[in-house]
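Take the sequences, apply the hints, and build the full model.
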Amino acid sequence: GAGVSQSPSNKVTEKGKDVELRCDPISGHTALYWYRQSLGQGLEFLIYFQGNSAPDKSGLPSDRFSAERTGGSVSTLTIQRTQQEDSAVYLCASSLERFQETQYFGPGTRLLVL
Amino acid sequence: DQQVKQNSPSLSVQEGRISILNCDYTNSMFDYFLWYKKYPAEGPTFLISISSIKDKNEDGRFTVFLNKSAKHLSLHIVPSQPGDSAVYFCAASATDSWGKLQFGAGTQVVVTP
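From first to last, the protein sequence lines stand for chains A and B.
For the first sequence, the working numbering assigns the number -10 to the initial residue and increments by one for each residue that follows.
For the second sequence, the working numbering assigns the number 73 to the initial residue and increments by one for each residue that follows.
Source of the hints: derived by calculation from the structure; they are not laboratory data.
Bear in mind that the values here come from a model prediction, so they are computed numbers and not experimental data.
Glycine is no exception: its CB is placed at the ideal position from the N, C-alpha and C atoms.
Any given hint could turn out to be false.
[Unchecked claim] Not everything, but these chain B residues come out facing chain A in the computed CB check (under 10 Å):
| id | residue |
| --- | --- |
| 1 | 74 |
| 2 | 76 |
| 3 | 79 |
| 4 | 99 |
| 5 | 116 |
| 6 | 118 |
| 7 | 155 |
| 8 | 162 |
| 9 | 176 |
| 10 | 177 |
Put into structure tokens, the structure is as follows:
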């Protein structure tokens, strides 16, 4: 079956512009996660969604970052007024349910802020 | 504050030999640990996991060992194969924050012929 997909695969933007990153989780997966990986760093948790529960936003680095999950499926991560330090690979993952710790990752979106 | 640490950024091993990757953690609340493997331009793929109630879990060529008292885990790959060349991430989670994985910085493994 289809895995987690993300779009765009690469995004180059100018400082100060807004960007939207999209994630399509595996069908039937109720939990969805966003991480980012900066150069030479491990994955940093950003936010997760579980069913209709309020999302855990505790990893979002600033109020310029927000995420939505519509209809319990597709998710969009929005970064407003991008800064150069936002340059990273943004990874989305999904799992069957919150307590299913095996998260399946998408290929990521490589964001470069000039 | 880095709660999961992989102190070796790289490891080179000959094909057929054992690869040993190490991971240390500081949060005593962590009770579930995972290893992910990542190829360039791809997302991480799940490899193997271990619960804190165990000290060893084996899956084919991959074995994970957990030493809770030392807050240390390791991944053994035996025998190493060229296709194992990748970045390996250690990750951990705590029961009260399931869904939030803490990752190490990764270890680049290169398997040479």
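Hint numbers contradicted by this structure: Per hint list: 3, 4 and 7 violated.
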